[in-house]
Amino acid sequence: MMDEGSLFSNDVATNDKRMEGANVNEDERKYLRQVKRIIDEGDKVIDRTGVGTLSVFGLHSTYSLRNGVIPLLTTKRVYWKGVVEELLWFIKGDTDAKRLSAKGVKIWDANGSREFLDSQGFKDRREGDLGPIYGFQWRHFGAEYHGTDADIGVKVSTNWRISLIKSKIIRTVDGSSLMLGMLKIFTRWHCTLSHPCSVRRKEWRAFMSALSTLR
1 MMDEGSLFSN DVATNDKRME GANVNEDERK YLRQVKRIID EGDKVIDRTG VGTLSVFGLH
61 STYSLRNGVI PLLTTKRVYW KGVVEELLWF IKGDTDAKRL SAKGVKIWDA NGSREFLDSQ
121 GFKDRREGDL GPIYGFQWRH FGAEYHGTDA DIGVKVSTNW RISLIKSKII RTVDGSSLML
181 GMLKIFTRWH CTLSHPCSVR RKEWRAFMSA LSTLR
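If you count the sequence shown from 1, position 174 lands on 174 in UniProt numbering, and the numbers rise without skipping.
Keep in mind that the hints were calculated from the coordinates and are not lab data. Some hints here could point you the wrong way.
[To be verified] Think about it this way: if two alpha-carbon atoms lie no more than 30 Å apart in a straight line, the pair counts; the simulated BS3-like pairs of lysine-lysine are:
1) 166 - 103
2) 36 - 98
3) 81 - 36
4) 81 - 92
5) 123 - 98
6) 98 - 76
7) 81 - 98
8) 92 - 123
9) 103 - 76
10) 76 - 30
11) 92 - 106
12) 106 - 76
13) 92 - 168
14) 92 - 166
15) 44 - 30
16) 103 - 92
17) 106 - 81
18) 76 - 92
19) 123 - 103
20) 44 - 92
21) 81 - 103
22) 44 - 103
23) 106 - 123
24) 103 - 30
Sequences and hints are given; from them, build the entire structure.
Rendered as structure tokens:
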């Protein structure tokens, strides 16, 4: 992890030279330039946490996932185990925070706690049941949610959209309309997500682009 104070200056050429000296690749350089722009030009936005953020409207970046490359941020520590375990948990269509917690990943524990569920009006749900969050939407979009312990046979009757997208990418290499919706609008009031982080993912041009639209 690099120190932003030693890396950034007010001169673009100087910044590029420092990044070259730090053995920064082009993708990382692009990301760090955007970080610098946000620090310099960002508008202060007060959010629900009370801490606030710096924001620049409309910034966009794409990163190739070819050759086994995964774009990880270099300006903060990344909880890699949590990233992988949560993704696998989503792909399974799981909505039980306890099963993820048993793997040592506690990031959904608070949302599945008895106190939080009761505060959101989900008093009939058992502790750990998060409702129809991302994994359920990925695997069972459009299906009625019957709880995290519902018979899996009910769920698999719906379309597994990840497999569908994968097969279409293989068959139609130039397809440009493969979109994976991550959250139905009305389900916002049936799950423990107060503010959904991820809304949609577009798969484009024969490879999994992981292009996401975030809130």
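Exercise for the section: Quick one: which hint numbers does this structure break? Sort them smallest to largest. Expected result: Result: hints 2, 20, 22 and 24 break, sorted rising.
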